[in-house]
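Q: Produce the complete structure using the sequences and hints provided.
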Amino acid sequence: AQKVTQAQTEISVVEKEDVTLDCVYETRDTTYYLFWYKQPPSGELVFLIRRNSFDEQNEISGRYSWNFQKSTSSFNFTITASQVVDSAVYFCARRGINDYKLSFGAGTTVTVRA
Amino acid sequence: AAGVIQSPRHLIKEKRETATLKCYPIPRHDTVYWYQQGPGQDPQFLISFYEKMQSDKGSIPDRFSAQQFSDYHSELNMSSLELGDSALYFCASSFAREGAKNIQYFGAGTRLSVL
Numbered sequence: 051a052q053k054v055t056q057a058q059t060e061i062s063v064v065e066k067e068d069v070t071l072d073c074v075y076e077t078r079d080t081t082y083y084l085f086w087y088k089q090p091p092s093g094e095l096v097f098l099i100r101r102n103s104f105d106e107q108n109e110i111s112g113r114y115s116w117n118f119q120k121s122t123s124s125f126n127f128t129i130t131a132s133q134v135v136d137s138a139v140y141f142c143a144r145r146g147i148n149d150y151k152l153s154f155g156a157g158t159t160v161t162v163r164a
Numbered sequence: 016a017a018g019v020i021q022s023p024r025h026l027i028k029e030k031r032e033t034a035t036l037k038c039y040p041i042p043r044h045d046t047v048y049w050y051q052q053g054p055g056q057d058p059q060f061l062i063s064f065y066e067k068m069q070s071d072k073g074s075i076p077d078r079f080s081a082q083q084f085s086d087y088h089s090e091l092n093m094s095s096l097e098l099g100d101s102a103l104y105f106c107a108s109s110f111a112r113e114g115a116k117n118i119q120y121f122g123a124g125t126r127l128s129v130l
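Top to bottom, those sequences are chains A and B. Its first residue numbered 51, the first sequence is counted upward by one per residue in this note's numbering. Its first residue numbered 16, the second sequence is counted upward by one per residue in this note's numbering.
In short, the hints are calculated from the structure, not lab data. Please note that the accuracy of each hint is not assured.
[Claimed, not checked] Selected chain A positions facing chain B (Cβ under 10 Å, derived; list incomplete):
| hint | residue |
| --- | --- |
| 1 | TYR83 |
| 2 | LEU95 |
| 3 | VAL96 |
| 4 | LYS151 |
| 5 | GLY155 |
| 6 | GLY157 |
[Stated by the list, open to error] When the alpha-carbon atoms are kept at most 20 Å apart in a straight line, the in silico SDA-like pairs for lysine to any residue are as follows:
| hint | chain 1 | residue 1 | chain 2 | residue 2 |
| --- | --- | --- | --- | --- |
| 7 | B | LYS116 | A | ASP79 |
| 8 | A | LYS120 | B | LYS116 |
| 9 | B | LYS37 | B | HIS88 |
Bear in mind the structure is a predicted one, so any value in this text is a computation, not a measurement. Positions of the beta carbon are idealized from the N, C-alpha and C atoms, including for glycine.
A: This is the structure:
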């Protein structure tokens, strides 16, 4: 199986600190897609970003930024100036070009304390 | 914007009972996916449908079946429920014309508790 690994199980920070979530993936495909989803305490899964394997540009969206390094098979996610509302479980996921399914990492629980 | 609608949101069943979960995709989306998320686990893919045909199958027990109807909504039928079936069941939908890059948008999930 082509695994997605999120080595950090839990991260706890104080409000306004930056937090970086690591995601490392395995793949035999030359074309694939990477995703981040957020699962707040209410339980729903919220799409955050999609990145394809041939676009290594980093991306910033407000306080969120993503760093894709194909050479190290990593797709890391940084929350800048964290807020209490950022408290959630964050999942990294991968999908191959011929796959229908998403393969998720184990998730990282982020707790932001006021 | 309309999102993926799942019903019911919560369901409590006894062992050996049956359950039916429903999913209404985002309008114009033609592909539906089902995932199972156990407590403290990541979502695991069960099955998907495109244009009412099964498109992919994951680790779905034989006791479970699913289908997609002509209006693109989908139902997951679960029989002979076991305690281990207690989980959060997600439905997601996407637009197949986007190809492999399509984004799966998830519903709020159905939390099934088997007692």
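Q: Give a verdict on every hint.
A: For each hint, the structure was consulted:
1. TYR83: With a closest approach of 6 Å, the A/TYR83 hint holds.
2. LEU95: With a minimum Cβ separation of about 4 Å from chain B (threshold 10 Å), the hint on A/LEU95 holds.
3. VAL96: holds, 8 Å
4. LYS151: OK, holds: A/LYS151 within 10 Å of chain B, min 4 Å.
5. GLY155: OK, holds: A/GLY155 within 10 Å of chain B, min 6 Å.
6. GLY157: holds, 5 Å
7. B/LYS116 - A/ASP79: This hinted pair holds, its Cα atoms lying about 14 Å apart.
8. A/LYS120 - B/LYS116: holds, 17 Å
9. B/LYS37 - B/HIS88: Answer holds: B/LYS37 to B/HIS88 is near 7 Å, not above 20 Å.
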